[in-house]
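If you read the sequences in order, they're chains A and B. Counting along the first sequence from 1, when you hit position 36 you're at 36 in the numbering used here, and nothing is skipped either side. Counting along the second sequence from 1, when you hit position 182 you're at 182 in the numbering used here, and nothing is skipped either side.
Just so you know, the hints here were simulated from the structure itself, not pulled from any lab data. Remember, predicted model here, so these are calculated numbers, not experimental data. Any given hint could turn out to be false.
Here are a few chain B residues that face chain A, going by a calculated C-beta distance under 8 Å [unchecked claim]: (1) HIS5; (2) GLY9; (3) GLY68; (4) LEU96; (5) ALA99; (6) HIS102; (7) GLY104; (8) THR133; (9) GLY141; (10) SER162; (11) GLY166; (12) SER172; (13) THR174; (14) ALA189; (15) VAL190.
Only pairs whose alpha carbons sit at most 27 Å apart, straight line, appear in this in silico DSS-like list of lysine-lysine [said to hold, decoys possible]: (16) A/LYS8 x B/LYS130; (17) A/LYS85 x B/LYS39; (18) A/LYS8 x B/LYS205.
Covered stretches of chain B (chain A as the covering partner; in silico rule of three or more C-beta atoms under 8 Å from a C-beta of chain A) [to be verified]: (19) 54-66; (20) 175-181.
No residue lacks a Cβ here, since even glycine has one placed at the ideal position from N, Cα and C.
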Amino acid sequence: MKPLREMKGMIIFFVLLAVVITSSFFVFMQTGPMGIEERFSHAVGLTHEDEHEDEGASGLSLEGNPVLYVIILGVLVVICILAYKYGKF
Amino acid sequence: MAHIHLEDGSFSLFWVLIWWTCALVIIGIVLYLLRSKNKPDTRMITIAAFLTATSFAIFQVSLPFFGGVHLNLTPLIGMLAGPYIGTLIVLIVNILSAAIGHGGWGLIGANVLVNVSEVVVAYLAYHGLKKVTASLFYRAGIATFAGLFIGNIVMILIILVSGIQGATQSTSMTLVGLSGLAAVNMGVAVVEAIITGLVVTYIGKRRPDLIGGGTS
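Excised from the complex, chain A in its bound form:
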């Protein structure tokens, strides 16, 4: 049997999980599927201009400019490699 202290954490986590899933599913059923920009504009009372993002087969898509995303991410990866190599880790 798991110690009471660990059970307490598990109970709190799963209660939160249940409350959050139930409330978000309830709201989602009322509003229907929307992209995040569209959902935001709708929530604050702005008209949304549809900017369709390309989705892959996985349904994932990138926000912002993909070329700049790759360049900046590349620079960050180089910084990480240098920090890992020369820093005390």
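Starting from the known structure of chain A, arrange chain B on it as the hints suggest.
For chain B alone, kept in the frame of chain A given last:
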């Protein structure tokens, strides 16, 4: 995860300046506190670099839940880097995100405040929960829920206080709309809580010195 997805011009110039000033004051305090330390911690700089790259990478990816949402791992940043370094990380991630067209430049100040609240609350909850549970997964998961919940509250407050230029509805309708948005956002917090819990648990097994005490 809580992020003001509005374009430049949504807030008036007055409120853009107010939120930028608040963010800069916080960043100034953080820099002062970090500089007052005797020696820079090179290990923390390495962790910060990894967290910045990871958060930036994941922040731009829209996941196919509830029509499209994204994670930003701010609670994980709070747990691993702490509130001071975490504040600088969210500033950099917000600037880089605006640079690629995800979020307006004028909204960086407001978004930094939202993300800093997530970092700080997650950090405090993660450490405060030591007395409640020894499990790293549940501590990190609950702290993630707490951080993202407060982040959503701060986001709603900032928008309500600022007002939206060109909006065609009353403040009470905006509150209702944003509450619904926050509820959907919190649904995604489930994914973020599980990911954060698993990452913290893994690090706890491999490098327990990086995340404080606890069991997996």
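Structure-based check of all given hints:
A cut of 8 Å between beta carbons decides the hint on B/HIS5: the least distance to chain A is about 4 Å, and the hint holds. Because the smallest distance between the Cβ of B/GLY9 and any Cβ of chain A comes to about 11 Å, over 8 Å, the interface hint for this residue is violated. Taking 8 Å as the C-beta contact cut-off toward chain A, the hint placing B/GLY68 at the interface holds, the least distance being around 4 Å. Given the 8 Å rule on beta carbons, the hint for B/LEU96 holds: about 5 Å separates it from the nearest Cβ of chain A.
The restraint placing B/ALA99 at the interface with chain A holds, with a minimum CB-CB distance near 7 Å, inside the 8 Å limit. Checking B/HIS102 against chain A: minimum C-beta separation of about 4 Å stays under 8 Å; hint holds. The criterion of a C-beta within 8 Å of any C-beta in chain A is not met by B/GLY104, whose closest approach is roughly 12 Å, and the hint is violated. Using the Cβ-Cβ criterion of 8 Å, the hint placing B/THR133 at the interface with chain A is satisfied: the shortest such distance is roughly 3 Å.
For B/GLY141, the interface hint holds, since its Cβ comes within 8 Å of a Cβ in chain A; the closest pair sits about 5 Å apart. Interface restraint check: B/SER162 against chain A, minimum CB-CB distance 10 Å, threshold 8 Å, status violated. This hint holds: B/GLY166 has a C-beta 6 Å from the nearest C-beta of chain A, less than the 8 Å allowed. Proximity of B/SER172 to chain A is violated relative to the hint, the smallest CB-CB distance being about 11 Å (cut-off 8 Å).
Checking B/THR174 against chain A: minimum C-beta separation of about 5 Å stays under 8 Å; hint holds. Against a cut-off of 8 Å between C-beta atoms, the interface hint on B/ALA189 holds, since the closest Cβ of chain A lies about 6 Å away. With 8 Å as the threshold, the beta carbon of B/VAL190 comes within range of chain A, its nearest partner Cβ sitting at about 6 Å, so the hint holds. The suggested pairing of A/LYS8 with B/LYS130 holds, with an alpha-carbon distance near 12 Å, which does not exceed 27 Å.
Between A/LYS85 and B/LYS39 the alpha-carbon distance is near 19 Å, which keeps this suggested pair within the 27 Å criterion. With a C-alpha separation of about 22 Å, the suggested pair A/LYS8 and B/LYS205 falls inside the 27 Å cut-off, and the hint holds. With 8 residues bearing a CB less than 8 Å from a CB of chain A, the segment 54-66 of chain B meets the requirement of three and the coverage assertion stands. Here the segment 175-181 of chain B counts 4 residues with a CB under 8 Å from a CB of chain A, which clears the bar of 3, and the coverage holds.
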